[in-house]
Amino acid sequence: MIIEINEQEYQSLNPAAPKLVEFYSKTCGPCKMLSFVLKDISKQKPDFPIYTIDFDENRDLKEQLGVKGFPTMLFFKDGKEVSRLEGLKQKPAIIKAIEALV
Amino acid sequence: MSNKIRFTNQEHLITRQNRAEKKFLAAFAAEKPTFEAPMVILNPYLINPLGALVLFTTPEKVAPTLTVHGKRYAREDLTHTFAAATEHFLPVLGLYEDFANKVTISLPDGRSTILTIVTDKLPADICRCRNIQATLDYLGDDLMFLTPAGKNLPTAYDYKGDIRWLLTENTMFDLKRMKNGNIVTGSSRFCHMPYNSTGMWELNMLGKVHKEFRMPGNYHHDHFEMEDGNLLALTQDFSRDTVEDMCALIDRNTGDILKTWDYRKALPMNVGGSGSQDAHDWFHNNAVWYDKKTHSLTLSGRHQDAVINIDYETGDLNWIIGDPEGWPQELVDKYFFKPVGDLSKFDWQYEQHACVICPNGDVMCFDNGQYRAKAKEKYIENKHNFSRGVRYRIDTDKMEIEQVWQYGKERGQEFFSAYICNVEYYAEGHYLIHSGGIGREDGYASKALGAFLDMNDPRMELRSITVEEKDGVVLYQLETEGNFYRAEKLPLYHGGDNLVFGDGQLLGSLEVTEEFDTVPEAEEVYELPPSFHNVLIEEDEDRFVFHGKFEKGTLVMLCLENERENHHYFINTAAVVHLAMCSGAFLEKDDRDVKIHISKLGLHGEFKLKLIINDKKYQTGVTIYCP
Chain A
1 MIIEINEQEY
11 QSLNPAAPKL
21 VEFYSKTCGP
31 CKMLSFVLKD
41 ISKQKPDFPI
51 YTIDFDENRD
61 LKEQLGVKGF
71 PTMLFFKDGK
81 EVSRLEGLKQ
91 KPAIIKAIEA
101 LV
Chain B
1 MSNKIRFTNQ
11 EHLITRQNRA
21 EKKFLAAFAA
31 EKPTFEAPMV
41 ILNPYLINPL
51 GALVLFTTPE
61 KVAPTLTVHG
71 KRYAREDLTH
81 TFAAATEHFL
91 PVLGLYEDFA
101 NKVTISLPDG
111 RSTILTIVTD
121 KLPADICRCR
131 NIQATLDYLG
141 DDLMFLTPAG
151 KNLPTAYDYK
161 GDIRWLLTEN
171 TMFDLKRMKN
181 GNIVTGSSRF
191 CHMPYNSTGM
201 WELNMLGKVH
211 KEFRMPGNYH
221 HDHFEMEDGN
231 LLALTQDFSR
241 DTVEDMCALI
251 DRNTGDILKT
261 WDYRKALPMN
271 VGGSGSQDAH
281 DWFHNNAVWY
291 DKKTHSLTLS
301 GRHQDAVINI
311 DYETGDLNWI
321 IGDPEGWPQE
331 LVDKYFFKPV
341 GDLSKFDWQY
351 EQHACVICPN
361 GDVMCFDNGQ
371 YRAKAKEKYI
381 ENKHNFSRGV
391 RYRIDTDKME
401 IEQVWQYGKE
411 RGQEFFSAYI
421 CNVEYYAEGH
431 YLIHSGGIGR
441 EDGYASKALG
451 AFLDMNDPRM
461 ELRSITVEEK
471 DGVVLYQLET
481 EGNFYRAEKL
491 PLYHGGDNLV
501 FGDGQLLGSL
511 EVTEEFDTVP
521 EAEEVYELPP
531 SFHNVLIEED
541 EDRFVFHGKF
551 EKGTLVMLCL
561 ENERENHHYF
571 INTAAVVHLA
581 MCSGAFLEKD
591 DRDVKIHISK
601 LGLHGEFKLK
611 LIINDKKYQT
621 GVTIYCP
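Taken in order, these protein sequences are the chains called A and B. Residue numbering for the first sequence is 1 to 102, as defined by our numbering. Residue numbering for the second sequence is 1 to 627, as defined by our numbering.
Read the hints as simulated data drawn from the structure, not as lab findings. Any given hint could turn out to be false.
Derived coverage of chain A by chain B (criterion: at least 3 residues anywhere in the stretch with Cβ under 8 Å from a Cβ of chain B; other residues may be distant) [as the list claims (entries may be wrong)]:
id	region
1	20–28
2	33–41
3	79–91
Pulled a few chain B residues facing chain A out of the computed Cβ check, cut under 8 Å [unchecked claim]:
id	residue
4	D98
5	T554
6	A574
EDC-like mimics (lysine to aspartate or glutamate), calculated; alpha carbons at most 20 Å apart, straight line [claimed, not checked]:
id	chain 1	residue 1	chain 2	residue 2
7	A	K89	B	D333
8	A	K91	B	D517
9	B	K447	B	E461
10	A	K96	B	E514
11	A	K43	B	D517
12	A	K89	B	D517
13	A	K39	A	E86
14	A	K96	A	D78
15	B	K376	B	E325
16	A	K96	B	D517
17	B	K22	B	D77
All of these numbers come straight from a predicted model, not from anything done at the bench. From the three backbone atoms N, C-alpha and C, an ideal C-beta is built for every residue, glycine too.
Turn these sequences into a full structure, and let the hints guide you.
Structure, rendered in structure tokens:
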């Protein structure tokens, strides 16, 4: 499942649950492409939560998480960032990072 | 809004040159021109407008002498005697532009034929000599060859600053003469931004390309001829997330890659960064030198301010020349040198180019000096900085280093090049120092690299200054317009075969271009893309290049489709910050202009080319043929 969230909603997520948090920008071609990649992954792994956050509208959160550009994908488990992918990536790289969480 | 695309299909230069050669050889065989009335072909290989070919027969085997007469007086004449033959094919090199050149061919029996070869004016935007200090006594028959750092052209200047050789192809990076007399330089064929071309060209001075050595990781910056004729060439692996961190040994006959060196195995990537370093281009290898005595490779890494030496066989690190600040202590202790001698004159090199190993083992390089510090708070502004040629003596037993020569520090910002440049060792005390990347803004050293300066702004200026010094005395200085990557002093003719006939060869291979396995949802429309996108598709024999203009944030994908299979290539329209631009040949003025090269390797058959722009898939009307 893919859910668009903001900073407040991010803070209320279950910190322990494995998840992918993607920072994107509406002005970014690679982010638009990544949205299709994540859709494909979501079809393949419908139970794995993917959260998308607008980089430009959630500046405090991106500062807090040390996100410097977009797209950036953060992979969390047990409240900790396990890995991070910066830039557009293809499905295998993202699935590998997800499978390392679960 | 109108809809439009442009499409060109041009054969490879080698194919066009092969055809041109066959045509003039057939004409020669049919006409059998005599010594008294020879056949003359200006620019026989299509890319050297200051070269010609004179063809004639003689009943007896004789050795003709060709003289290209100087513009002013006989002392300027260029003369070369060719091997004895009955069929003669004499390359005429070093013609003056826009001039009725007088050329004499003489035979040992005293007979001579005088020809007039009229050349055209060279393109208006070529880089002219601004100042030259040189004498015929010093330069003789040599020309100073400057290789482009942008959209300028490889150009050679004589002792008066006149252009006597020029290729109309925007070749890339260094140009070096090989033992067989040919020159090897980077091909002009674009592959990957910022400046990676398909490979290297081996060509003669007339411009005939004998071989293109294609490389899957492309060619950038430098190459080196080994004793057996094989070539070291700088490259990378595009399947990785880093660039400019590999070297390959190329078989000179087949183009095969015989061996590679991966610097990621020798160095940590996240330490010792120069002011221009980023994670992607962490080392920025801009020069390679093989040293037989130590059987090692010396490599210049601009983005670690480091000249490193690795074992040829194992690739293991031997030593590092550079400011050790910021490097882990265990590496400093093991690999770095301690300065000795007159430390008041000692400076480390920063963001250097063009390492050279002297016969006695000393190490030379062009110390660009960009930032001239490791820590950000100590960075030196370009207008307060200097560039120089420098020679270090190293003792690898004691791990000590002494600066034994430099030229350029005393000239300050006037000689400052933030990028590119080279040094050459001729003999003890006799060196070339080429500061070819000078950029000025309002008369001061510019903050931006020359490749990024807007030359429509009259406050901006690009210059290239090449100096030769002997025993501390400057005997030669050439100042030209534009920026030039390197300088090499060479005579036009050499002692070997100056012209060899036969088909040029396309060797090696390009990469299989990475495809994208996710295809965005898009509605197929039966129209061309809007003309705003200014789509241009250039098809070549072994690849095609797609050009288009897109606003930042546009989703763009190129699709190759036929009944059996589809292939998809993502086109990045995001802003890209280039921290290095050693050649701006492929750089577009408008950063919305993007281009992508697609290799035909791995593709077979005919494909319709379509273009996804955001939520629409457009037709282009172009069919790509893959053998």
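Check: Regarding the pair K96 (chain A) and D78 (chain A), is the alpha-carbon distance no greater than 20 Å?
Finding: holds, 18 Å
Notebook entry, point to check: Is the hint on T554 (chain B) kept, meaning its closest Cβ partner in chain A is under 8 Å away?
Noted result: Hint on T554 (chain B): holds, closest Cβ of chain A at ~5 Å, below 8 Å.
Next item on the list: Starting from K91 (chain A), check that the Cα of D517 (chain B) is at most 20 Å away, please.
Entry: Judged against 20 Å, a Cα distance of about 8 Å means the pair holds.
Notebook entry, point to check: K447 (chain B) and E461 (chain B): Cα distance at most 20 Å?
Noted result: Satisfied, since the Cα-Cα distance of roughly 12 Å is no more than 20 Å.
Next item on the list: Compare the distance between the alpha carbons of K22 (chain B) and D77 (chain B) with 20 Å, and conclude whether the hinted pair is satisfied.
Entry: violated, 31 Å
Note to self: For the region 20–28 of chain A, count the residues whose Cβ lies under 8 Å from any Cβ of chain B; is that count three or more?
What the structure shows: holds (count 4)
Checklist line | Pair hint outcome, K89 (chain A) versus D517 (chain B) [Cα-Cα no greater than 20 Å] | finding: holds, 10 Å
Notebook entry, point to check: Can the hint on D98 (chain B) be confirmed by a CB-to-CB distance to chain A that is less than 8 Å?
Noted result: violated, 47 Å
Item checked: Assertion that chain B covers the region 33–41 of chain A - criterion: three or more residues, beta-carbon distance below 8 Å -> holds (count 4)
Item checked: Pairwise hint evaluation, D517 (chain B) against K43 (chain A), where the allowed Cα distance is 20 Å at most -> holds, 15 Å
Check: Would you say the region 79–91 of chain A counts as covered by chain B, given the rule of at least 3 residues with C-beta under 8 Å?
Finding: Since 3 is at least three, the answer is holds.
Note to self: So if I understand the rule, the pair passes when the alpha-carbon distance is 20 Å or less; does K96 (chain A) with D517 (chain B) pass?
What the structure shows: Distance ~15 Å between K96 (chain A) and D517 (chain B) Cα, so the pair holds.
Going through the hint list in order, the structure does not satisfy hints 4, 7 and 17.
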